[in-house]
Amino acid sequence: MVRASSVEIRKVNKFYGPFHALKDIDMSIAPGKVTCLIGPSGSGKSTLLRCVNFLEEYNSGEVLIDGELIGYETAGGKKMSSRRLREMRRTIGMVFQQFNLWPHMTALQNVAEGLIRVRGMAKSEAEARAADALEKVGLGDRMSNHPSRLSGGQQQRVAIARAIAMEPRLMLFDEPTSALDPELVGEVLSVMKALAAEGMTMVVVTHEMGFAAHVADKVAFMEQGELVAMDEPANILHHPEDPRIQSFLRTYHERNSF
Amino acid sequence: MNDLLAHYGPFLLRGFGMTVLCWLLGTVGGMALGLAIALIQRYSIAPVRWVLRIYIEAIRGTPFLAQLFLLYYGGPMFGLRLDPIPAGLLGLSVYSSPYFAEIFRSAFGAVPIGQIEAARAIGMSEPSIVRRILLPLGLVSALPAMVNFSIVLTKETVILSIITVPELMYQVQRMSAETFRYVEANLALALFFWGLVELISRLGRRFETRITKHLIERT
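So the sequences go chain by chain: E and Y.
Numbering-wise, the numbering used here puts 250 at position 250 of the first sequence, and it's gapless, one number per residue.
Numbering-wise, the numbering used here puts 1045 at position 45 of the second sequence, and it's gapless, one number per residue.
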């Protein structure tokens, strides 16, 4: 079992100029729980996720990781030092829609890089750990390949290995399967399921309703920068009360039926 | 013709050697300055960026000939007294630096932000990100433009003859003045330059193929 973090989001607001992207978001995620963020595109799901590791700067409110404010020294105060921010980010893994592997490095080097530069490990130790992480995502035989020689699903699994090699206590997934061909989605989801089973706290922005229904402890529905509802998966996905959720799911089912 | 070659050949060769040397050192100097400018522009506060912007516009907006005159003949007025060769090298470096700075600026801008964010997300420091991600990826995409501008610079070296750097143009002018064989002298100069440029562009292409090997998506 991993040591898992809690996430507490309080009254978070985010503006892009006059555009109000996140409106008073409150959300509480217990250690070891999997939360899926769903909703139409442009609803603020990814923005909220990116506020959790402060890749996106929220304008007001608080985001607390294990009770510790990220991004600012005090709520509404000045920004925390970049050194402190880096320390907090070390325990937060992130996986992106576009994988974002470094194309000039092999799979092994991609995973070892953070261990060497951030954790200060010797190259040999870092590579041994990186190899373990790659084995774990089923890519033990592709370690010396550059990203250009890997399929989308394999690239995304390398990206997951890169994150878990750092031994995070919280994993953020930003539409991890949206850029994949349909037949490659499964391999990524099964790695994520295994990670959830180990007790990792996970926040997942996704359009995979099956994953949300079967793996998530909570599903949060967002629309137009608001958190409309957050509840057990069944209450959101099977018998939602809010008409906005009903209409979103209707569109989803129509698109996926044939 | 043979007498001409026998007498002036060694001078021309020596001049060509000096041309290559000035080009090489001036280009390397310009690249280093340009890289520093591009990085400082990327990571510094607005006033510093404005100063660099003015530097870039001023150097790009004036002829190299005038810059070189100002440096070599105007420098002593400000206590900067340089011999012809150092003055020429400094002049070439300064003259080329804004062009290289712009090449690097746009190449850094072309590095996908996601790859930088991925590094930030695992807690890498900005200096590490520059060294490990931004520079390797940025320099690769800058390479064709760097080679191209380096080729332009080979021919700018002829201007160094006006401050008596004994490079190829200087020797050609001497030969012309002494023999009145302007056509032959300048033809020789043209051939030397063409050969040099051909060599640089071939080496550049070969190097490019080698370092982009892993960056091309194969599906």
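Any given hint might turn out to be false.
Stated by the list, open to error - So these bits of chain Y aren't anywhere near chain E, every CB distance computed over 10 Å: (1) 1024; (2) 1112; (3) 1124; (4) 1143; (5) 1148; (6) 1191.
Claimed, not checked - Computed footprint of chain E on chain Y; a stretch qualifies when at least three of its residues, placed anywhere within it, have a C-beta under 8 Å from a C-beta of chain E: (7) 1113 to 1119; (8) 1126 to 1133.
Unchecked claim - In silico contact screen, one side only, chain E against chain Y (beta carbon under 7 Å); selected entries: (9) 86; (10) 98; (11) 100; (12) 102; (13) 114; (14) 166.
Rather than coming from a laboratory, the hints here were simulated on the basis of the structure.
Here a beta-carbon is modelled for each residue, glycine too, at the ideal position from N, C-alpha and C.
Hint check results:
1. 1024: Given that every Cβ of chain E is farther than 10 Å from that of residue 1024 (chain Y), nearest at about 27 Å, it holds.
2. 1112: Not fine: 7 Å to the nearest Cβ puts residue 1112 (chain Y) too close to chain E.
3. 1124: violated (5 Å)
4. 1143: holds (13 Å)
5. 1148: Residue 1148 (chain Y) clear of chain E: closest Cβ-Cβ about 22 Å, beyond 10 Å.
6. 1191: holds (39 Å)
7. 1113 to 1119: holds (count 5)
8. 1126 to 1133: Since three or more residues must qualify, the claim that chain E covers the region 1126 to 1133 of chain Y holds, with 4 doing so at under 8 Å.
9. 86: At about 4 Å, which falls below the 7 Å cut-off, the nearest Cβ of chain Y leaves the hint on residue 86 (chain E) intact, so it holds.
10. 98: holds (5 Å)
11. 100: holds (4 Å)
12. 102: holds (6 Å)
13. 114: Holds: closest Cβ of chain Y sits about 4 Å from residue 114 (chain E), inside 7 Å.
14. 166: holds (6 Å)
Comparing the model with each numbered hint stated earlier shows that hints 2, 3 do not hold.
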